[in-house]
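Student: Residue numbers (the working numbering), protein chains in the order written: chain A, 1 to 319; chain B, 320 to 636.
Just so you have them, the derived chain A footprint on chain B, three or more residues with Cβ under 8 angstroms:
#1 478-486
#2 567-575
#3 588-599
Among chain B residues calculated to face chain A with C-beta under 10 angstroms, some are:
#4 R461
#5 L469
#6 P473
#7 T610
#8 V615
Treat the hints as calculated values from the structure; they're not laboratory data. Each residue gets a CB set at the ideal place from its N, CA and C atoms; glycine is no exception.
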Amino acid sequence: MSRYLLRRLLIAVPVLLGISVVLFSILALAPGDPFGELALNPNIPPEVRFNLRKQFGLDDPLVVRYVRWLTAMLHGDWGYSFVSRLPVQQLILQRLPTTLFVLGSAYMLALLIALPVGILSAMKPYSVFDQVATTFAFVGYSLPTFFTGLLFILVFSIYLGWLPFIYSSTIEAHGFAWVIEHLRQGAMPITVLGLFEAASLTRFVRSSMLEVIHQDYITTARAKGLTEYLTILKHALRNALIPVVTVVALQIPTIFTGAVITEQIFRVPGIGSLLIAAIESTDTPVVMAITFVYAALVILFNLFADLIYGLLDPRITYG
Amino acid sequence: MREHSDKVMTAVQAVPYGATGRAAARPQSLWRHFWRRFCRHRLALVGMTVLMVLTLSTLLGPLVYHHRINDIDFAVSLQGPSLAHPLGTDDLGQDLLARILYGGRVSMAVGLVAMLIAILIGTALGAAAGYCGGWVDHVLMRLTDLFIALPQLPLLLLVVYLFRDTMRRLFNPELGIFLLIVLVIGGLRWMQPARLVRAAFLSLKEQEFVEAAVALGTPPLRMVLRHILPNALSPVIVAASLGVGSAILAESSLSFLGLGFPPDMPTWGRLLFDAKDHLDSAPHWALSPGTMIFLVVLSINYVGDGLRDALDARKVL
Chain A
1 MSRYLLRRLL IAVPVLLGIS VVLFSILALA PGDPFGELAL NPNIPPEVRF
51 NLRKQFGLDD PLVVRYVRWL TAMLHGDWGY SFVSRLPVQQ LILQRLPTTL
101 FVLGSAYMLA LLIALPVGIL SAMKPYSVFD QVATTFAFVG YSLPTFFTGL
151 LFILVFSIYL GWLPFIYSST IEAHGFAWVI EHLRQGAMPI TVLGLFEAAS
201 LTRFVRSSML EVIHQDYITT ARAKGLTEYL TILKHALRNA LIPVVTVVAL
251 QIPTIFTGAV ITEQIFRVPG IGSLLIAAIE STDTPVVMAI TFVYAALVIL
301 FNLFADLIYG LLDPRITYG
Chain B
320 MREHSDKVMT AVQAVPYGAT GRAAARPQSL WRHFWRRFCR HRLALVGMTV
370 LMVLTLSTLL GPLVYHHRIN DIDFAVSLQG PSLAHPLGTD DLGQDLLARI
420 LYGGRVSMAV GLVAMLIAIL IGTALGAAAG YCGGWVDHVL MRLTDLFIAL
470 PQLPLLLLVV YLFRDTMRRL FNPELGIFLL IVLVIGGLRW MQPARLVRAA
520 FLSLKEQEFV EAAVALGTPP LRMVLRHILP NALSPVIVAA SLGVGSAILA
570 ESSLSFLGLG FPPDMPTWGR LLFDAKDHLD SAPHWALSPG TMIFLVVLSI
620 NYVGDGLRDA LDARKVL
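Construct the complete structure from the given sequences, taking the supplied hints into account.
Tutor: Right, dumping it as C-alpha cells:
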C-alpha cells in the first residue's frame, strides 16, 4: 500500500513540474511587461527603468528566471501582487474560506441529490421516475452555469426579492441571524453549482448501479431471500459506490474551475474572481500562483481518488 | 452474426437483427445499419432535427432577415419582443434576433472546428501510441497525463488574454481571435480521443486481419489509415459529438467572462455578458441567447447519446 502511494507520489511530482514549466513558458512568451506603464510616465528616465528591470531580473535568460521562480515558490515565497503590493499568499488565504464554503456546500448538495436519485433510478430502470430523472439530468447538464445563475437572479432577486444577489463577506449580524444571512446570500451560487454537478453525477451513479445490479451475486442475494432493501444497501450499493467515489474525487477540480464563472456572476469574493481580476490587470504573480494552486489541486485529488479506489476495492493489488 | 466481420467498414452483407439465420434479401451497408439503430432512439432524432433547424437558421437567417446586426436605433432600445423585433432589442436598439442568428454561426463554427482539431490531434497521437507501443507509447501517455492535469479554464483564460493582441495583429481581428480560441480549446481537449483511440488500437492490433495485412507486407502508415483506424472510430465519433457541445460551452464561458471575441461580434456568450447588467430592465435580452445555447447543447447531448447507443455493438436495440 505504501509502495503504491510512493509510486503515485513519484509520478505526481514530475507532472507538477511539467505544469509549472508550461505555465511559466506561457507567461514568459506573452507580450506585455509589468513595467510597461512606467514607460509612458515622462518623469521616469529610461535608465531608472532599465535598472529596475535588471534588479528584478526581467532580462535574464528564461531558464534562470524559471529556476529562480521555482525555488521561491518552494520556499513559500509566492511574490507580491503587481496591483495591490500585497503578498500573494495573503491574498489567496483571504479569499480561500469563501470559495471553500461555497464549493463545499455545493458539492454536498450535489451528492445529496445525485445519490438517492441515481440509486432509485437504477432500481427501477425506464420507469416514469427514471425517465423524468434522466431528462432532468440531461437538461441540467446542458444548461451552462452562467445561464442558470442569471435565471436564478432574475427569479429570486428581481421578481421575488427573496435573496440578495451580491455576496458580501462582511455581514454585521450575530449568532443565528449571521448564519441565516450567510445562507441567504450563499443559497443561489451554491444551488447553481450544486445542481450542475448533481446532473452529471446522477447519470454516473445510475449507470454504475445498473452495472452492479445485473451481477450474479445480486441475483444470489435475492434468491437467498434477502429483502430488496438489504440487497441494495448492503450488497449493491457498496460495490457501486467504488467508481462513484473515484469520480466524485476527480470532479472536485472541475468544480473549482466551474466556480470561477459562478463567482463572477454572483460577485462572490473568492479565488475565481481573484483570478479573473488578476488576468485582466496582468498581475502575473497572482495568476501564476492561482493557476499553480488549481493544478496542484487536480493532482492532489487524482492521488486521493487513486488512494480511495485502492482502499475500497480489494481487487486492486499494488505491485 | 459475427461481431468481427461487423467491424469492417465496407459494404457487407449484414444480417439485420431479428433474422433467424437466413441472410436478408437485400445487402445493407453498415452505415445504413447504424442509421436505423440511431432512428430507434426517438429523443436523438428530435435532437438531430432541432440541431438541423438551428444550424440552418443561423446559416441562412442573416441572408434573408431584413434587420442588420448593428442597426443602431436608440428610440427602440431595451424593448421586449414585438412584431417589428421578434426577440426584442438591446440597449443600443439593435435587433436581438439578427444578432443571435449571426452570433450562432460563430459559436457553432468555434465548436465544430475546435472539436475537429481535438479529434485530429487526439487520433494522431492515440494511433501512434497504440500502434508503436514501447517507449513511444510511454512518452505519449505521460504527455497525455500532463495535459489532463492542466487546469483548463484558467489556462484558457490566460492564453486568450495574453495572446489576443498578437493574434489580432498577425491576422485580422476576428480571424485572429477565432484561430486562437479554436486552437486553445482544441489543444486542451485532445486527451480523451487520444485515450479512446489508443485503447481501440491496442485491442485491434491483435486481430487476425492485422496479422493478414502484415503478412501481405502492408506498410505501417497504410495499415493504420486503411485497416485499423476505420474500426477504431466509433468511440471517437461519440466523443466528437459530445465534444462539440462542450466546446460551444467553453467558448460561451470565455465570451461571458469578457475574454472572447471582440465586443462587436455578437456570440451568444457575449450577448449574455452584455445582458447581465440589464437584467432588471430587459430580461428578454438574457433569456434568448441563453436558451439558444441550452437548446443547441441539449440536442447535441441527445444526438451523442443516440450515437453511443447505435454504435455500441453490445447493446440490443
